[in-house]
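Asks: Just so you know, the sequences run in chain order A, B and C.
Add 46 to the 1-based position in the first sequence for our numbering, that's all there is to it.
Add 45 to the 1-based position in the second sequence for our numbering, that's all there is to it.
Add 65 to the 1-based position in the third sequence for our numbering, that's all there is to it.
None of these hints come from the bench; they were simulated from the model.
It should be emphasised that the depicted structure is a prediction, and the values quoted were computed from it without experimental measurement.
Any given hint could turn out to be false.
As the list claims (entries may be wrong) - With a cut-off of at most 30 angstroms between alpha-carbon atoms, the simulated DSBU-like pairs for lysine-lysine come out as follows:
| id | chain 1 | residue 1 | chain 2 | residue 2 |
| --- | --- | --- | --- | --- |
| 1 | C | LYS288 | B | LYS137 |
| 2 | B | LYS137 | A | LYS56 |
| 3 | C | LYS316 | B | LYS112 |
| 4 | B | LYS126 | C | LYS274 |
| 5 | B | LYS186 | C | LYS438 |
| 6 | B | LYS137 | C | LYS289 |
| 7 | C | LYS438 | B | LYS126 |
| 8 | B | LYS263 | B | LYS288 |
| 9 | C | LYS156 | A | LYS203 |
| 10 | B | LYS137 | A | LYS259 |
| 11 | A | LYS203 | C | LYS139 |
| 12 | C | LYS289 | B | LYS167 |
| 13 | B | LYS80 | C | LYS439 |
| 14 | B | LYS167 | B | LYS129 |
| 15 | B | LYS137 | C | LYS84 |
| 16 | A | LYS137 | C | LYS84 |
| 17 | B | LYS161 | C | LYS288 |
| 18 | B | LYS186 | C | LYS156 |
| 19 | A | LYS389 | C | LYS139 |
| 20 | C | LYS439 | B | LYS165 |
| 21 | C | LYS84 | C | LYS229 |
| 22 | A | LYS110 | A | LYS133 |
| 23 | C | LYS439 | A | LYS408 |
| 24 | C | LYS316 | B | LYS137 |
| 25 | C | LYS139 | B | LYS126 |
| 26 | B | LYS263 | C | LYS274 |
| 27 | C | LYS131 | B | LYS186 |
| 28 | C | LYS139 | C | LYS156 |
| 29 | B | LYS112 | C | LYS289 |
Said to hold, decoys possible - Facing chain C, from chain B, some residues (calculated, C-beta under 10 angstroms):
| id | residue |
| --- | --- |
| 30 | SER106 |
| 31 | GLU125 |
| 32 | GLN151 |
| 33 | TYR153 |
| 34 | LEU184 |
| 35 | ILE287 |
| 36 | ILE289 |
| 37 | SER292 |
| 38 | ARG293 |
Glycine residues also receive a C-beta, built at the ideal position from the N, C-alpha and C atoms.
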Amino acid sequence: MKRFLYFVQKEYFHIVRDYRSLIILLAMPPIMILLFGYAITNEIRNVKVAVIDQSKDQTTEDLKNKIFAGNYFIFDSELASLSQIEKTFRKGKVKEVIIFEPDFEENLKRTGTANMQLIADATDPNVAASILNYTSMIIRTYQMEMNEDLQIPLSIKTEVRMRYNEELRGAFLFVPGLITIILMLVSAMMTSISITREKELGTMEALLVSPMKPIQIILAKIVPYLILGVIEAVIILVVGSTVFGVPIRGSWLLLFFEGILFILTALSLGLLISTITDSQQTALMISLMGLMLPTMLLSGFIYPLANMPVSIQIFANFVPATWFNIAIKNIMLKGVGLEIIWKETLILLGFTIFFVSISLKKFKTRL
Amino acid sequence: MKKLHKESEYSITAEDLTKTFGNFTAVDSISFNVKKGEIFGFLGANGAGKSTAMRMLCGLSKPTSGKACIAGFDVYHETEKIKKNIGYMSQKFSLYEDMTLVENIQFYGGIYGLRKKELKEKTALLLEKLELKGHENNLIKSFPLGWKQKLAFSVAIIHDPEIVFLDEPTGGVDPVTRRQFWELIYEAASRGVTVFVTTHYMDEAEYCKRVSMMSEGKIVAMGTPRELKEMYQVDNMDKVFIKIARSREDV
Amino acid sequence: MREIIIILIKEFRQISRNKQMLGIIFGMPLIQLLILANAATFEMKNINIGILDRDISSVSRRLVGKFEGSRYFKLTDWFESEKEAEISLEKGDCDLYLTIPQGFEKDLFKENSAVTFFVVNAIDGSKAALASQYTSSVITDFNQELREENINHSTIAMNLNLMKNINIEYSNWYNPELNYKTFMVPGLLVLLVSMVSLFLSGMNLVREKELGTIEQINVTPIKKYQLILGKLLPFWIIGMFDLGLGLVVSKLVYHIPIVGSVPLLFAFAGVFITVLLGIGFLISTITETQQQSMFLTWFFSVIFILLSGLFTAIENMPQWAQTLTYFNPLRYFMDSVRMILLKGSGFSDISFNMGMLLVYSVVINGLAILLYKKTS
Numbered sequence: 047m048k049r050f051l052y053f054v055q056k057e058y059f060h061i062v063r064d065y066r067s068l069i070i071l072l073a074m075p076p077i078m079i080l081l082f083g084y085a086i087t088n089e090i091r092n093v094k095v096a097v098i099d100q101s102k103d104q105t106t107e108d109l110k111n112k113i114f115a116g117n118y119f120i121f122d123s124e125l126a127s128l129s130q131i132e133k134t135f136r137k138g139k140v141k142e143v144i145i146f147e148p149d150f151e152e153n154l155k156r157t158g159t160a161n162m163q164l165i166a167d168a169t170d171p172n173v174a175a176s177i178l179n180y181t182s183m184i185i186r187t188y189q190m191e192m193n194e195d196l197q198i199p200l201s202i203k204t205e206v207r208m209r210y211n212e213e214l215r216g217a218f219l220f221v222p223g224l225i226t227i228i229l230m231l232v233s234a235m236m237t238s239i240s241i242t243r244e245k246e247l248g249t250m251e252a253l254l255v256s257p258m259k260p261i262q263i264i265l266a267k268i269v270p271y272l273i274l275g276v277i278e279a280v281i282i283l284v285v286g287s288t289v290f291g292v293p294i295r296g297s298w299l300l301l302f303f304e305g306i307l308f309i310l311t312a313l314s315l316g317l318l319i320s321t322i323t324d325s326q327q328t329a330l331m332i333s334l335m336g337l338m339l340p341t342m343l344l345s346g347f348i349y350p351l352a353n354m355p356v357s358i359q360i361f362a363n364f365v366p367a368t369w370f371n372i373a374i375k376n377i378m379l380k381g382v383g384l385e386i387i388w389k390e391t392l393i394l395l396g397f398t399i400f401f402v403s404i405s406l407k408k409f410k411t412r413l
Numbered sequence: 046m047k048k049l050h051k052e053s054e055y056s057i058t059a060e061d062l063t064k065t066f067g068n069f070t071a072v073d074s075i076s077f078n079v080k081k082g083e084i085f086g087f088l089g090a091n092g093a094g095k096s097t098a099m100r101m102l103c104g105l106s107k108p109t110s111g112k113a114c115i116a117g118f119d120v121y122h123e124t125e126k127i128k129k130n131i132g133y134m135s136q137k138f139s140l141y142e143d144m145t146l147v148e149n150i151q152f153y154g155g156i157y158g159l160r161k162k163e164l165k166e167k168t169a170l171l172l173e174k175l176e177l178k179g180h181e182n183n184l185i186k187s188f189p190l191g192w193k194q195k196l197a198f199s200v201a202i203i204h205d206p207e208i209v210f211l212d213e214p215t216g217g218v219d220p221v222t223r224r225q226f227w228e229l230i231y232e233a234a235s236r237g238v239t240v241f242v243t244t245h246y247m248d249e250a251e252y253c254k255r256v257s258m259m260s261e262g263k264i265v266a267m268g269t270p271r272e273l274k275e276m277y278q279v280d281n282m283d284k285v286f287i288k289i290a291r292s293r294e295d296v
Numbered sequence: 066m067r068e069i070i071i072i073l074i075k076e077f078r079q080i081s082r083n084k085q086m087l088g089i090i091f092g093m094p095l096i097q098l099l100i101l102a103n104a105a106t107f108e109m110k111n112i113n114i115g116i117l118d119r120d121i122s123s124v125s126r127r128l129v130g131k132f133e134g135s136r137y138f139k140l141t142d143w144f145e146s147e148k149e150a151e152i153s154l155e156k157g158d159c160d161l162y163l164t165i166p167q168g169f170e171k172d173l174f175k176e177n178s179a180v181t182f183f184v185v186n187a188i189d190g191s192k193a194a195l196a197s198q199y200t201s202s203v204i205t206d207f208n209q210e211l212r213e214e215n216i217n218h219s220t221i222a223m224n225l226n227l228m229k230n231i232n233i234e235y236s237n238w239y240n241p242e243l244n245y246k247t248f249m250v251p252g253l254l255v256l257l258v259s260m261v262s263l264f265l266s267g268m269n270l271v272r273e274k275e276l277g278t279i280e281q282i283n284v285t286p287i288k289k290y291q292l293i294l295g296k297l298l299p300f301w302i303i304g305m306f307d308l309g310l311g312l313v314v315s316k317l318v319y320h321i322p323i324v325g326s327v328p329l330l331f332a333f334a335g336v337f338i339t340v341l342l343g344i345g346f347l348i349s350t351i352t353e354t355q356q357q358s359m360f361l362t363w364f365f366s367v368i369f370i371l372l373s374g375l376f377t378a379i380e381n382m383p384q385w386a387q388t389l390t391y392f393n394p395l396r397y398f399m400d401s402v403r404m405i406l407l408k409g410s411g412f413s414d415i416s417f418n419m420g421m422l423l424v425y426s427v428v429i430n431g432l433a434i435l436l437y438k439k440t441s
């Protein structure tokens, strides 16, 4: 036991003395939260728009003013003709072209209908859809104002209530997701690098001939990273709740328990990776390249799982992060207990046992 | 390559050479000379500062203070010129394990400026001398340790440098292989190559023309093996070392 | 020049003998491209909607029918009580539920106005906003339909006649079907190539440092720029090859349009990859162990990825973030790859991006060479 503690101490020194890595480890979560909280948003802003106003009357002027009021859209230029649209889009700055037909106001007065066209650069279909949506909303609002005095019969009004997240704060989604990603990546990365490092530098052999049992070596390596993972999760939770008001509506104990479980899953995955290769470089490439994008994209962190094709959803089920993401969101935002997330908990447990047993088997055979 | 300095009889001169890392003084004001063609041994226990000193002489590490001249070039301002004229065999590593013998020769020889034809000739010579014909396309990792070391040495001098630095070259091999290794060193020295070798094997000191002993960063003894044995009234270098160590303890 | 080639040959020989790395460098990006491109979409499908219909009238049933028939919604449940609905929302079985109060049809025809309520699970704020929008538009469309049906009602007819209507025609250029993959696949490709390049160069030098093999090189007369360039070239070739492979796969599997000039794309990519390699080398130079290098590389790659314009448009970001993206090489390539592939933009259109990357490349590689010390 004493030997074991000395070993843990050695691993602790490894981490703490490498202060450059430590700084990055601890600085990473707050910086990512900052980015997600303030920089990354799907709300459109500062969209450059070009206009072809073939009418140039009071109504089109009013409409243009409404569209360019506020900071959604920025007036870029007035194009002389339709043939210039292609060139403008190619330059890449303008994302929408608004076209008013000639005699716009006249037509409205006489026939009650006027036409306009919105052309979006749909290279980014998401942005295009938002742009068209926002523009239409502004136009529709203007239209409603025009028809204010009329009492339109047969009106269905709707009232909306947003549950769990009244203000539609993006933070509610990304703070739990961020915890998931950071825990997964850091734990898996660190463990795999730590073990392969000893192998690569040749110090592993010395460990193996010592009286330490393989399981003790592994455990000793895992313990410091477990603590590190918990620290990181706490940092994210603290920043998330103080700066962005993300609540923890469920049981703190349950959250802690699930967190530890997930860290163990990630650590055991890192362990598995370290048994596949002897080189730090390979271990790193596998954990970073192989884990980062799939964890970010398939866990439901950025893109909702329901939108993906079924085949991908099946695949996503093999990503441990997916399950933890569900569990942590439920605990934090819905405040539910184990009775709701028992499935996710069991699955995570299963993953962990699976990874550890394969690793142990490989570890033993290599001796 | 023409030497632009005064023709001197010394390959290496060092004067009060010092290297500190923060509070720790690894090399403490050492001074010595090495004549051309000499086999000079740098002895001492592990951690005495031998490797640090050598790395300064090779231009791998900048001295904190003091002067040194290698192959006529200044160790502060002319490190690149030094490197053109020396060979080096590091303690940790010799040749790339995942490349073949021939590929390693092509690499190092090429970097030192040897042309294709020359390389071919030298490769053939090397293979013959070491009796390794037929093994040139084997990966280095397939060679046993003793062979790796002999190969590393041969590659280190493939460009006929004036001096070759060897950092603990015979670690971990049996005495017979060590003996064979030293034969290679003798052969190189007989061709005029200055050999600067560090080691903690005291019996290897006997093979050197002159030795210097380092302890805790300082040179505590210097001279030919015979001079030192006479001085300390013993019959081998091991005992010389023990006697010196003891006398330092008493101080 | 000779020396650069010698180093290049050595690196190639070492990489080609490392089967594991080869698999990772070429296999992993491809696999990820094939799988992940299918995952990344914000397109709303299958919004799970539950119904609490307290009116059960012909109008209310027609309204529900609209949701049933919509391609965005999937009807999951008919609730008997509000409690049932709330539980379903909590369990996640539905994303929102619609409540049609008792007397809905009566109020609509007698009082001329009626109200519906819906409750949305807003944990995912943007998804909730979109779901809410779609729900509202289904209801609005239904409303319009109702009005037009009852047009013979005199007051309605008169008012409808007086109503002013702006007709909007929508057009989506370059991607008329709003196919998200058309956007995502080139973006993912850029990401994957970037990661390979960044990590290869980020680990390489520092690995030699950690294993001690770098000493044997530092002691030779090789010049610093020869060393770095010699290591840069093989990775550059690998990156370009990965890109080419990825493009072929994108075309074959995803039918990504290639409207613009492919040589221009490769020329741009060529410069782009040197920037990433330079960053990797710089990291490698200033770190001592592979572990440290790994952390720095990871740190930068996450920030680069998030601020690249792939997951969020750069224009949406606040000014300080937009300024930051100027230091992100991915931003330039992400922008240009789509411009070239989908819009057919030419050299003059991307010249700014290319110019910035050229400057970046020279500066960063220069820095790496400068900071590399053969003598410590």
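Asks: Need the list of violated hint numbers for this structure, in ascending order.
Replies: 3, 16, 18, 21, 23, 24, 25, 27, 35, 36, 37, 38
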